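Colleague: Chain residues, written in single-letter form:
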Amino acid sequence: MLAFRCGLRILNKLGSCTKSIAEISIHALKLNKQGTIVSRYYCIKSEESLVTLNNESNSVKPFENIDYDSITEGDEEKLTKLKRLILEIDLLYESGEQIPNHLRVDQWKNLLQLNSRSSRMKHLRYLFLIEKKKENRIVRKLEKRAERLELYENQPKNDHIEYGLLRNSMFHRIYEKQINSLYNYRLCEAMLFGQDIVIDCGYDGHMSLKERTNCAKQLLLMWSYNRMHKDPFNIIFCNINKEDTVFKSLSKTIPTIDEPTFPINYTHKSYLELYPREKLVYLTPHCNTELKQYNHDDVYIIGAMVDKMKVEPLSLAKAKRDKIRMAKLPLDSYLDWKQGTKNLTINQMLMIMVDLKMDNNWANALKHIPRRKLLEIDAYQRELTGNNQKLSAKQIREDFRRNSVYKLLIKK
Amino acid sequence: MCLLLKKQLQWNVMSNIRREFICMYTQRQRLMSIVSNENDMPIKLKGRLASQEQTRIISEFITESDSTNLNWNKLKESVFNIKRGYINERNINGCILEICSKQKRLDLAKSYMRYIKECGQTKPNTILQLLYIRSCYASQDQLTDEDQHEIQTICLSILKNNSHLVNSTFMEGIIMGLCCTPLWRNSLEYLNNFKNEKDIKIRAYSCTIFKAFKEEEIDIGWSLIQTMYNQHEILLTSVFAAWFNLCDINKNYSYQKVLEFLRDNECIVRTHLAELIHEKYKQYGSKITTTIIKPDGRCTNCNQILKPVEITNSEFKALQESFMSRVVIGKNIFNNSSPQELNNFKDFIKNTAPYDVVVDGLNVAYAYRGKIANDSLIKIVLKILIKQKSKVLLFGRKHLVQQLGNEFNFIKRNVNIFFADDLSKDDPFLLYAAMYSGIQTKILTRDLMRGHKFLLNNSKMQNIFQKWLQKNRLILKIRPQNEVFIRNPIPYLQTTQESGKGIWHLPYEEIKEPGSWSKPNSSPDNWMCIKTLD
Numbered sequence: 001m002l003a004f005r006c007g008l009r010i011l012n013k014l015g016s017c018t019k020s021i022a023e024i025s026i027h028a029l030k031l032n033k034q035g036t037i038v039s040r041y042y043c044i045k046s047e048e049s050l051v052t053l054n055n056e057s058n059s060v061k062p063f064e065n066i067d068y069d070s071i072t073e074g075d076e077e078k079l080t081k082l083k084r085l086i087l088e089i090d091l092l093y094e095s096g097e098q099i100p101n102h103l104r105v106d107q108w109k110n111l112l113q114l115n116s117r118s119s120r121m122k123h124l125r126y127l128f129l130i131e132k133k134k135e136n137r138i139v140r141k142l143e144k145r146a147e148r149l150e151l152y153e154n155q156p157k158n159d160h161i162e163y164g165l166l167r168n169s170m171f172h173r174i175y176e177k178q179i180n181s182l183y184n185y186r187l188c189e190a191m192l193f194g195q196d197i198v199i200d201c202g203y204d205g206h207m208s209l210k211e212r213t214n215c216a217k218q219l220l221l222m223w224s225y226n227r228m229h230k231d232p233f234n235i236i237f238c239n240i241n242k243e244d245t246v247f248k249s250l251s252k253t254i255p256t257i258d259e260p261t262f263p264i265n266y267t268h269k270s271y272l273e274l275y276p277r278e279k280l281v282y283l284t285p286h287c288n289t290e291l292k293q294y295n296h297d298d299v300y301i302i303g304a305m306v307d308k309m310k311v312e313p314l315s316l317a318k319a320k321r322d323k324i325r326m327a328k329l330p331l332d333s334y335l336d337w338k339q340g341t342k343n344l345t346i347n348q349m350l351m352i353m354v355d356l357k358m359d360n361n362w363a364n365a366l367k368h369i370p371r372r373k374l375l376e377i378d379a380y381q382r383e384l385t386g387n388n389q390k391l392s393a394k395q396i397r398e399d400f401r402r403n404s405v406y407k408l409l410i411k412k
Numbered sequence: 001m002c003l004l005l006k007k008q009l010q011w012n013v014m015s016n017i018r019r020e021f022i023c024m025y026t027q028r029q030r031l032m033s034i035v036s037n038e039n040d041m042p043i044k045l046k047g048r049l050a051s052q053e054q055t056r057i058i059s060e061f062i063t064e065s066d067s068t069n070l071n072w073n074k075l076k077e078s079v080f081n082i083k084r085g086y087i088n089e090r091n092i093n094g095c096i097l098e099i100c101s102k103q104k105r106l107d108l109a110k111s112y113m114r115y116i117k118e119c120g121q122t123k124p125n126t127i128l129q130l131l132y133i134r135s136c137y138a139s140q141d142q143l144t145d146e147d148q149h150e151i152q153t154i155c156l157s158i159l160k161n162n163s164h165l166v167n168s169t170f171m172e173g174i175i176m177g178l179c180c181t182p183l184w185r186n187s188l189e190y191l192n193n194f195k196n197e198k199d200i201k202i203r204a205y206s207c208t209i210f211k212a213f214k215e216e217e218i219d220i221g222w223s224l225i226q227t228m229y230n231q232h233e234i235l236l237t238s239v240f241a242a243w244f245n246l247c248d249i250n251k252n253y254s255y256q257k258v259l260e261f262l263r264d265n266e267c268i269v270r271t272h273l274a275e276l277i278h279e280k281y282k283q284y285g286s287k288i289t290t291t292i293i294k295p296d297g298r299c300t301n302c303n304q305i306l307k308p309v310e311i312t313n314s315e316f317k318a319l320q321e322s323f324m325s326r327v328v329i330g331k332n333i334f335n336n337s338s339p340q341e342l343n344n345f346k347d348f349i350k351n352t353a354p355y356d357v358v359v360d361g362l363n364v365a366y367a368y369r370g371k372i373a374n375d376s377l378i379k380i381v382l383k384i385l386i387k388q389k390s391k392v393l394l395f396g397r398k399h400l401v402q403q404l405g406n407e408f409n410f411i412k413r414n415v416n417i418f419f420a421d422d423l424s425k426d427d428p429f430l431l432y433a434a435m436y437s438g439i440q441t442k443i444l445t446r447d448l449m450r451g452h453k454f455l456l457n458n459s460k461m462q463n464i465f466q467k468w469l470q471k472n473r474l475i476l477k478i479r480p481q482n483e484v485f486i487r488n489p490i491p492y493l494q495t496t497q498e499s500g501k502g503i504w505h506l507p508y509e510e511i512k513e514p515g516s517w518s519k520p521n522s523s524p525d526n527w528m529c530i531k532t533l534d
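Residue numbers (my numbering), protein chains in the order written: chain Y, 1 to 412; chain P, 1 to 534.
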């Protein structure tokens with residue numbers, strides 16, 4: 001009975017678009033309780049719908065209840081543009097293209113911003129796939145629940161107290177809230193006494209829509225990893241503009257971002273206003289100087305930028321203009337690169353920096369680089385044995401260093 | 001753990017079995033007729049597989065049935081029996097009409113429209129009407145006068161109701177409809193009045209062109225081909241095939257017009273179109289052979305020399321300006337360089353220009369690495385150039401000095417040198433220095449500069465840049481025994497051209513698979529030599 005109630009609560013949360021599936025499934029569950037055999041296909045509609053279908057078909061339009069006012073915000077020009085867009089999408093929908101059944105207000109707004117027809121098509125297909133994924137997830141959930149209920153009912157029952165997982169136990173349960181407060185305590189300590197690191201969020205105009213949402217996701221991952229670390233950074237988000245998509249989607253995932261008790265720092269100020277120029281070091285993959293070791297006096301800057309489409313040396317240009325020191329990670333002297341660009345995601349960057357800060361050990365810090373980007377260890381050694389040149393002391397030292405990194409990677 | 005493993009094993013087995021089941025199921029569906037009623041299906045189909053099945057059912061129904069007895073209800077029922085496909089009651093009408101138009105069954109499309117009217121009582125909506133027009137266009141030759149009249153009224157009424165909502169797809173549908181009727185000239189007006197020219201689709205143009213050639217309005221047709229080429233830079237084989245068809249029917253029209261068009265627009269065609277031209281010209285009695293052009297521009301087949309590349313002074317000046325603003329400076333000068341460095345560079349070329357040859361130091365230094373023993377390639381190249389008594393500018397970055405070592409002193413004495421910062425890009429500066437010093441200055445590099453060409457962002461400018469580079473890029477070659485020599489640039493024009501009376505040369509490119517290499521000097525793959533009878 002408990003499981004059944006839980007399931008209902010999940011269904012309520014899933015929102016209106018899935019209502020039809022939910023209703024059917026509740027129907028199925030009721031049947032199940034009465035003792036009929038559970039069929040796996042409770043999504044099949046009754047035959048009544050087919051009879052009424054022909055009368056409906058012409059009046060049904062692909063997109064109903066579009067909230068014109070909130071999309072256009074009272075702009076006449078936008079309204080005509082939107083109507084044109086709806087006509088275009090209707091045509092595509094009716095000719096059997098892969099178009100989502102429902103579009104939210106923000107999705108309509110995003111579609112209005114796209115200029116070319118092919119980019120709109122691509123975006124619609126992307127939304128379609130997301131919608132289908134969600135639908136499938138719900139169906140799979142319901143199937144699993146039905147299985148679980150069946151299992152519960154068939155289990156033998158005894159009269160005395162039951163022990164085990166999710167039942168009576170001698171251990172006190174540690175709730176998520178308690179763990180959270182521990183993590184937040186560490187973060188607050190870092191804010192008072194810890195090292196600073198700057199995230200430069202001033203690249204919003206250089207990214208496409210998808211890249212911006214990816215960027216926000218990476219920022220979230222970065223923040224959560226830092227929170228869980230033994231010795232976290234005091235992360236400061238700089239150059240934040242509250243109208244930016246990056247910040248908007250970040251605050252969507254962290255609704256309490258503006259509350260004073262939430263441990264996150266962000267300002268609209270530039271890093272030059274916060275720190276003296278000599279202290280700052282911009283981490284960019286495009287420069288030539290390598291970061292030898294972590295210097296606790298310096299403040300490092302990571303650019304919050306995702307460049308999937310075109311790689312421009314934006315962070316290099318920014319550091320050059322502001323006359324800040326630049327550095328890149330010593331990837332070439334420690335690792336053998338196989339494929340892909342040598343720029344890393346924001347969260348990987350922070351993982352490396354936060355581990356490097358602990359003991360200045362590159363071998364330990366560089367294990368966060370994804371393995372697919374590196375040469376296999378046996379390939380690396382094969383190359384070594386194939387070369388029949390004289391080994392110098394320097395070379396041996398270098399090989400030792402590389403090998404130590406690779407051993408660590410394999411452990412991972 | 002054990003339980004988990006067991007579960008996974010079970011799942012794998014289940015999924016394997018299911019895959020086989022689906023195959024079996026589709027087989028059985030094919031064997032049984034579609035109309036057979038199956039209410040409970042044992043196998044779950046979903047997603048793309050289910051929708052493929054749905055479209056298969058519809059298309060099978062459409063190919064098999066004749067127009068006498070149609071049971072659309074049953075078709076719908078059997079389609080909806082497959083759950084979780086992409087076709088549902090909202091878009092089934094459109095899907096059926098689309099498949100009708102694909103299979104060119106006008107009669108079925110008509111009867112389906114009648115069916116919708118019958119069961120809906122209301123009029124079908126705009127989109128369905130547009131789709132109906134599409135299917136009418138697909139089976140154009142079956143249309144009677146009555147049908148044409150009907151299409152005409154539909155088109156005009158749709159246009160009247162939605163005049164403020166005209167977009168490119170809508171436009172395309174209407175033009176397709178109008179091209180079936182005698183009112184097709186109206187579509188020209190719509191094409192001209194359409195606000196955003198880039199948005200007009202290729203199909204809208206091609207429909208009108210086909211109709212124009214059919215009605216023997218050749219001027220309209222050719223002007224539309226020209227506008228289509230200007231907008232989309234595409235040469236449709238079907239359009240030219242339509243012109244050849246017209247020439248077959250009416251001997252007054254000259255098939256030469258195709259080649260003249262290609263010559264005027266300086267196109268390089270693709271294999272499909274080249275094959276069409278080959279076939280048609282052979283039919284008209286011209287002599288056609290594939291040929292090879294020698295480096296000096298002589299055709300091996302007919303011994304004619306191809307035209308030289310020409311750039312006018314005004315074009316060159318425009319290229320210089322747009323190159324400076326778009327490529328060297330770009331959006332942000334800090335991306336490529338810094339303002340101070342740019343000023344230094346400008347002062348330097350003002351003082352030392354004009355040069356005879358500009359050498360891309362880094363490119364040459366890294367070329368043929370490991371193939372030449374011991375000697376630095378830069379020194380060899382510069383010696384050759386100095387022997388020819390030409391004024392040379394060596395361009396590179398500062399770290400090139402370390403690489404040159406002792407030879408740097410020799411180079412310093414004989415050559416002008418500009419080294420950019422280690423963090424700056426050198427190619428844009430190099431190209432600009434060559435452009436600045438005049439139209440006759442040559443460049444020595446192996447780079448084709450395609451990235452910088454793209455940044456010009458204007459197809460006309462890109463064209464001029466390509467010609468300029470082809471005319472001025474010296475080619476570095478190595479013969480066996482480490483003998484280095486410098487070959488002169490390609491002098492002849494690499495587009496369609498008439499050389500001598502009635503002799504044409506037509507370059508064409510093969511369709512390349514993604515990832516394959518093109519020729520190292522960006523010249524077209526094949527040449528065709530055409531001797532026409534005149």
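No lab work stands behind these hints, which were simulated from the structure alone. Every value quoted in this text rests on a predicted model; they were computed, and no experiment measured them. Glycine residues also receive a C-beta, built at the ideal position from the N, C-alpha and C atoms. Some clues are possibly wrong.
Unchecked claim - Below 25 Å or equal to it, Euclidean Cα-Cα: the simulated DMTMM-like pairs (lysine to aspartate or glutamate) are:
hint, chain 1, residue 1, chain 2, residue 2
1, P, K74, Y, E77
2, Y, K323, P, D421
3, Y, K342, P, D422
4, Y, K310, P, E513
5, Y, K83, P, E89
6, P, K398, Y, D332
7, Y, K132, P, D248
8, Y, K308, Y, D204
9, Y, K81, Y, D307
10, Y, K323, P, D248
11, P, K453, Y, D307
12, P, K287, P, E321
13, P, K346, Y, D322
14, Y, K310, P, D347
15, Y, K83, P, D422
16, Y, K342, P, D427
17, Y, K328, P, D248
18, P, K501, P, D248
19, P, K425, Y, D332
20, P, K83, Y, E259
21, Y, K323, P, D347
22, Y, K328, P, D422
23, Y, K328, P, E89
Stated by the list, open to error - Between beta-carbon pairs, the in silico distance windows are:
hint, chain 1, residue 1, chain 2, residue 2, range
24, P, K412, Y, K292, 47 to 53 Å
25, Y, R148, P, I511, 23 to 29 Å
26, P, G500, Y, Q339, 37 to 43 Å
27, Y, K81, P, S459, 49 to 55 Å
Colleague: Sort out which numbered hints this structure fails and list those numbers smallest first.
Modeller: Result: hints 1, 7, 9, 10, 12, 14, 15, 17, 20, 23, 24, 25, 26, 27 break, sorted rising.
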